[in-house]
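J.: Listed here are the chains, written in short residue letters.
4 protein chains.
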Amino acid sequence: MHEECGVFGIHGGAAGDFRQQSISAAQAVYLGLYALQHRGQESCGIAVSNAGVLRAERRMGLVSESFDAPTLVALTGENAIGHVRYSTAGGSCIENCQPIVTRYAKGRLAVAHNGNLRNADELRDKLAATGALFQTTADSELIAQWIIRERMGSRSIEEAVMRAMSHFRGAYSLLALSPRKLVIARDPMGFRPLCIGKLDGRWVFSSETCGLDTVGAEFFRDVEPGEVILIDTNGELHSFRDNCPGKGARKAICIFEYIYFARPDSVIDGIPVHNSRMKAGALLAEQSPVKADLVIPVPDSGIEAAVGYARASGTPYGMGFVRNNYVGRTFIKPTQSERRKSIAVKLTPMTQSIAGKRLVMVDDSIVRGSTSANIIRALKNAGAREVHVRISSPPIIAPCYFGTDIATREELISNRLNAEEIRQEIGADSLDFLRIGSLPLLIDSNDQSSCANRQCCDACFSDDYPA
Amino acid sequence: MHEECGVFGIHGGAAGDFRQQSISAAQAVYLGLYALQHRGQESCGIAVSNAGVLRAERRMGLVSESFDAPTLVALTGENAIGHVRYSTAGGSCIENCQPIVTRYAKGRLAVAHNGNLRNADELRDKLAATGALFQTTADSELIAQWIIRERMGSRSIEEAVMRAMSHFRGAYSLLALSPRKLVIARDPMGFRPLCIGKLDGRWVFSSETCGLDTVGAEFFRDVEPGEVILIDTNGELHSFRDNCPGKGARKAICIFEYIYFARPDSVIDGIPVHNSRMKAGALLAEQSPVKADLVIPVPDSGIEAAVGYARASGTPYGMGFVRNNYVGRTFIKPTQSERRKSIAVKLTPMTQSIAGKRLVMVDDSIVRGSTSANIIRALKNAGAREVHVRISSPPIIAPCYFGTDIATREELISNRLNAEEIRQEIGADSLDFLRIGSLPLLIDSNDQSSCANRQCCDACFSDDYPA
Amino acid sequence: MHEECGVFGIHGGAAGDFRQQSISAAQAVYLGLYALQHRGQESCGIAVSNAGVLRAERRMGLVSESFDAPTLVALTGENAIGHVRYSTAGGSCIENCQPIVTRYAKGRLAVAHNGNLRNADELRDKLAATGALFQTTADSELIAQWIIRERMGSRSIEEAVMRAMSHFRGAYSLLALSPRKLVIARDPMGFRPLCIGKLDGRWVFSSETCGLDTVGAEFFRDVEPGEVILIDTNGELHSFRDNCPGKGARKAICIFEYIYFARPDSVIDGIPVHNSRMKAGALLAEQSPVKADLVIPVPDSGIEAAVGYARASGTPYGMGFVRNNYVGRTFIKPTQSERRKSIAVKLTPMTQSIAGKRLVMVDDSIVRGSTSANIIRALKNAGAREVHVRISSPPIIAPCYFGTDIATREELISNRLNAEEIRQEIGADSLDFLRIGSLPLLIDSNDQSSCANRQCCDACFSDDYPA
Amino acid sequence: MHEECGVFGIHGGAAGDFRQQSISAAQAVYLGLYALQHRGQESCGIAVSNAGVLRAERRMGLVSESFDAPTLVALTGENAIGHVRYSTAGGSCIENCQPIVTRYAKGRLAVAHNGNLRNADELRDKLAATGALFQTTADSELIAQWIIRERMGSRSIEEAVMRAMSHFRGAYSLLALSPRKLVIARDPMGFRPLCIGKLDGRWVFSSETCGLDTVGAEFFRDVEPGEVILIDTNGELHSFRDNCPGKGARKAICIFEYIYFARPDSVIDGIPVHNSRMKAGALLAEQSPVKADLVIPVPDSGIEAAVGYARASGTPYGMGFVRNNYVGRTFIKPTQSERRKSIAVKLTPMTQSIAGKRLVMVDDSIVRGSTSANIIRALKNAGAREVHVRISSPPIIAPCYFGTDIATREELISNRLNAEEIRQEIGADSLDFLRIGSLPLLIDSNDQSSCANRQCCDACFSDDYPA
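Protein chains in written order, with the working numbering: chain A, 2 to 468; chain B, 2 to 468; chain C, 2 to 468; chain D, 2 to 468.
Rather than coming from a laboratory, the hints here were simulated on the basis of the structure.
Just so you know, these numbers come straight off a predicted model, no measurement behind them.
There could be a bad hint or two in this list.
It does not matter which identical chain is meant; a pair holds if it fits inside one copy or across any two.
Derived DMTMM-like pairs (lysine to aspartate or glutamate); straight-line CA-CA distance at most 20 angstroms [what the hints assert, rightly or not]:
1) Lys381 x Glu219
2) Lys127 x Glu151
3) Lys107 x Asp122
4) Lys107 x Glu422
5) Lys347 x Glu219
6) Lys347 x Asp301
7) Lys334 x Glu58
8) Lys381 x Asp294
9) Lys107 x Glu123
10) Lys334 x Asp69
11) Lys292 x Glu387
12) Lys107 x Asp126
13) Lys347 x Asp69
Chain A with its partners taken away, still in its complex shape:
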């Protein structure tokens, strides 16, 4: 099951009574998850360890709407981990929420992860063959089971995690909470981001740096691909970088995090997302200039690339749409026939800004093409003279097996049509995508031969999956 998610964890600190902390572990996780909410809005959960006991609360919905103050206050504990989960078709049920909490022979374990195991079916079969049973369809349950299985023959939970990792193939940024310890792991290719911060002497872990910023923690460093980290009962950080499984493997950091998924104020593996997007816009301006009156973004994810395009091209930047932020999950959509009457639900063109103008519209990607077609038609209806579409990523031609739920191969418009055909289908006056060779530049590499050399994953654009 594909899923994009976010994780956040915090340790109670070196010593002293954690009840004296300026912010409780659960409250910190709450704020961290709230900062990571863009990574998943379907469900959320927080697990805490308190004097050797694990407890979790999991909910459907947004963090800010799912936890009330009494629930949060009741989640007393020294260490805590949390999870936000993306809405996926099927599987939307409370049982699939994370963190998953389990009991086993040697204790208890809570697991939250972001990613996707490619060999999940195989691992599940192996476990099942020995009698394992599964109550969910989530990778996190499988991961927990395998770790626990390895725990039987291991001296420690961290050793069990490392042993388990030698069986895992795919993407995972993982937080495991035992009654006394916190173990953190990132897959050897580092598909999904995971970073370390410090807050008043406590260790903090977050999918993105924006989680650290929100709780006021200082960035310490990224968890390295293949690294396993233990925070012991004294709050000491131990890194198992050198003898980790996958040591020395090719890295495969997801390039799409920079283009679309991550929050623009995050810094992933040393590269500010904001910079990548600005550069993508600038590269597009160079690659595909056009005479225009105004550069407009498709809000919110296209803003930085549009600013970058405008600045590099010298064309004025402006807002072309108003985005309605009040679309809740229960919004009653107009029917298809009502929509044909040009009912605008989420994006409304800003007529005064665009009427009579030649526009460059910058967006981050085209998946199925239908959204692009709708908003271009809306712009034209509102009086835009020309709409030149510039996409700050290459055509998406392949699905992701590493934790981003984009679409099936059949749904991807770039898999069926070439750029000119897409241009016609969406009704643009011109259309260009960022060249695939430019991707390494987004992450400060001068080697444009391929993303692989810079050790990032561009499989959705190249159909070339990291082994």
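Since the structure of chain A is already known, use the hints to place chains B, C and D on it.
T.: Frame of chain A; chains B, C and D shown alone:
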């Protein structure tokens, strides 16, 4: 009671079975209110008239989270009006929600309005002296009572509205739904916006044009200050412009709608809000230039002015903050002591964009000053070299008595401190406000002597209230 | 609108800080309403007066499920009144809930009442003719409006209540809470019960004595028909019995309260409900003996009469049904076709108790007949040899205009069929109703000529309505 | 974890389209659980198999308040099982709700059970030692895991169940739903009831016969202790009675089901519960006669025994209390100090029935003694002259390890005090318990030597646990 709100109404059309309409009256109001949601998030309501019977559903919360599909479908009817309401301190209860529905000797009446009656206490006393009782503290109940009182000696509901208006002092944009008719009125000074659209031959009324755009209606014209409009049972529009109370009065369109309150894609009384804000930015750039590396907006309301400033000054525009859109009403805020640890809840500075830079930060207004101080400190912590604050409106020195809930006189920082003192208090490197004389330029008037001449209300900046 | 309801009120006591009371006014009303819940399950509400300010919370649903502890704690105040409301067809909305709270020229007033005004339409028209408007269809709003109208020319709220009462026709047991006083009134014919208790020096008012018992208050006396009571700011009780409107009128205490509506542990106007029901059973046994093996009640309202019948006849008493108390309001009923498969939802026959037996089944009344038919068929299916039905009240032939929502004249089976025809329709082996002449005996009167002489209302049985 | 619960299951029928059934499987389970609701009010759940796929919905709360019509309709499927669960201290969470649904190597399995495994810890340890992990603390998860483990080496799910049973010690009445089959099992000693019914050719299984009655199914027979039943894909019933584990073991049917837990209209293992209770009352009357005016039950569980006592003793029967059925789970209880003011929450004495009388109060058991003391005090306050307490079971001196959550040994008053001491503590004028030697008579055995001979479990009274 001060309140900013939004209203939306639709008539069933000239003839034929309204059940054949592509969109039901209630569904249209639902979408219209959703587009006007920025005008009020506390409560919402929809009233429909169906074969001579009035029904209403009112809810606390957002439109998109308060109405489910069965409720909306059950609101069958030809004509409908709706309301969204601003969150005000005290008085947050279902009883105060609109539209208010009442029964009286000659029938029934539903009323929704946006605005504030200055002589509400006096009117309430007059009614009370004759035995009236009030179940709410809302102006809409008072307005309904007075209209109904006038209805006794009138030949029609529209006549009753006109008679009632001769007693009302202050701001009101009013929709009144009787079992068969729809009556619309705007106060003689036109404080609050109200416009007319057409959708497949049906008349539509909305606080702002963005409501028309969202349902796919064409703009017809604004309701004129002092105008009363009747949509009769045949769907004919009758205007009572000439013999209206207040005919020829000075107009007093709220300038703050242009600066802050309205949605940027709306056009109010002929002036696109987007243009006003762009111009405010350009005027500020002229009035108060500064050597800087980047112009950043305080999102979302400062974006247009920042773009205008950047364009006029030649300084690059960029995003300086990420705004978290997932703050629900039930968000558990960190305590004050936690916040001192620089926990950023709603706006997070985009370090990579601003570190080491000289910034111009454009915002729409400063009310109490505390928010400005917080975000300037956050920018500096994130490495901003200089922060030059430019406010796209003059200092607010007086409260609003016409329906915008800003603050009491004592809370207004500009009432206590001059610009230099404010600059010090908020920690800016420089600070400037738009000159009050520039306000008329925002609405395309060349007469800079005062807003009064252009017939708009700038009382919050000038302390000079329209009579 | 017909409605059976319950009211409960408490005064804060003679002196001293009411915050020191062992139980708060709102908590006492909460418990009192909970004891009166059998009088109405649709909605509930509590109003409190606190230092001259009135507040109310009203909810749909049961008291115990509608108020949470924080809400109850927040209802601080010295005096309080409350209301539970019967579920009526139509009009199920939060607006119609009581207590109603109003503002008027001289202050504020909260009103809760049980009963039904016969001249409500006429009164509403009179008020409407002077411009009054109504936001609900509830009598309580009308009563409040009329009291407030009279308040204009009165020296006190109690005087206004008395003046208003001279216009009211019908049934009302009324609690009115002003910012400092509590006024209680019962209509001159005393249709609905209302009693006075004392709790630690505080005055308590309740529809039934079971409300007093539940809060631990001592019974003081009943409010007399036509009496107005004032509890002043010093906690002194003043009775306006002598110069009350309706002084000396014929009384018309509802006989159906004794037969069915009231709780069996209540004492109404001096007569224990339990005794009335036991006597009804005994009278039936005398009037209509039958050779049988077992007397069974239709639970719960038929229990006392069945015990009375069994004891008087010497036939053993036993349970014939199990009643499922877990039918919530949201229970998903089987469809009609499913029910034909003899699905038993609320009452299940106790086969072992009844198989092969000749049964006397005692019930309180037959309204439409369909329920009786269902349960007799179920008994027969479960093996009952004979089912002899004995009804502890006469045939209901007329609707109630005084506050009990029984049925329309057309729906009443006794209005269409005679006893023998009903027997056939419901499938009983024999059927008898309590003789109408026996009704006075239920309330300890030896004058069997008619209920009217004992001054109670038996209009639903006699079609003879008190003037 | 001790828990009393109820289970209900139905098979889709021999052939043909189950969508044509008069009642869906899920709707039948819904009604069955509603009839079994007295066995557990904390949570409920329904699992269905539909064309090889298992789905479940589980909820906290009552069946009738937890499932809405759309949810029930969406639970399409041929076979279904359901569960209601008792409220236990701790462990109240959605994860512990049943039926539990699991995936494993050979498919899927849903399990619902009533009972308690004595060797749960040992079994859990054994599984854990091989790497099993547990996400709940419920026996049902353990049972499912063990069945699945056995499934690996078995040819069928029914064989796996039988193999698993050879490891289980304790009480279980078990429904297991595979994608195509339904397997039913009852532990070899038959602690908990489980019966079979037929509904239009479909097999139905219920903890008690009242579940069959409610859906209109005919009683077929009880599941025998140690029996495993398979309903195959053709709807054929196969019994594995002869080669079952535990064949020929001593039986240990729970005597407390007859005394208190089961619904009075149920028939358990051939003995009507109603008869047992009537007989208990009669035996008490013989054993412990007393001169009295009235026999009253403690409602609702003491009613049958009180009727039996009254009939045998010739003393009149009557109601002494009114029970308030409106206590929801969210009822705000008065504080302890408020309760001392004699606030009656659930049971109110019926003063008129008992004042001045010598009462025999019949109850089913005394656990901690505090409730008895409260209600006896209330009766005396209400004027009872004497209160003679007769308990229709022997003193409870030992906890239950077979699925009834009564109390710990320390909490049991009969473990600390003898009958005379208890009498003094609860303030009764006399007190007697049913003799332990009479228990066999409740289930129609003449051998009064011990319950063991009749093959029922009376461990809570005898401290003699079945091996």
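J.: All hints are to be evaluated individually against the structure, with a verdict given for each.
T.: Structure-based check of each hint:
no. : hint            : verdict
1   : Lys381 x Glu219 : between (47 angstroms within a copy, 15 angstroms between copies)
2   : Lys127 x Glu151 : both (13 angstroms within a copy, 16 angstroms between copies)
3   : Lys107 x Asp122 : between (26 angstroms within a copy, 13 angstroms between copies)
4   : Lys107 x Glu422 : neither (60 angstroms within a copy, 47 angstroms between copies)
5   : Lys347 x Glu219 : between (36 angstroms within a copy, 19 angstroms between copies)
6   : Lys347 x Asp301 : both (12 angstroms within a copy, 16 angstroms between copies)
7   : Lys334 x Glu58  : between (31 angstroms within a copy, 19 angstroms between copies)
8   : Lys381 x Asp294 : within (15 angstroms within a copy, 34 angstroms between copies)
9   : Lys107 x Glu123 : between (26 angstroms within a copy, 14 angstroms between copies)
10  : Lys334 x Asp69  : between (29 angstroms within a copy, 11 angstroms between copies)
11  : Lys292 x Glu387 : within (10 angstroms within a copy, 35 angstroms between copies)
12  : Lys107 x Asp126 : between (24 angstroms within a copy, 10 angstroms between copies)
13  : Lys347 x Asp69  : between (29 angstroms within a copy, 18 angstroms between copies)
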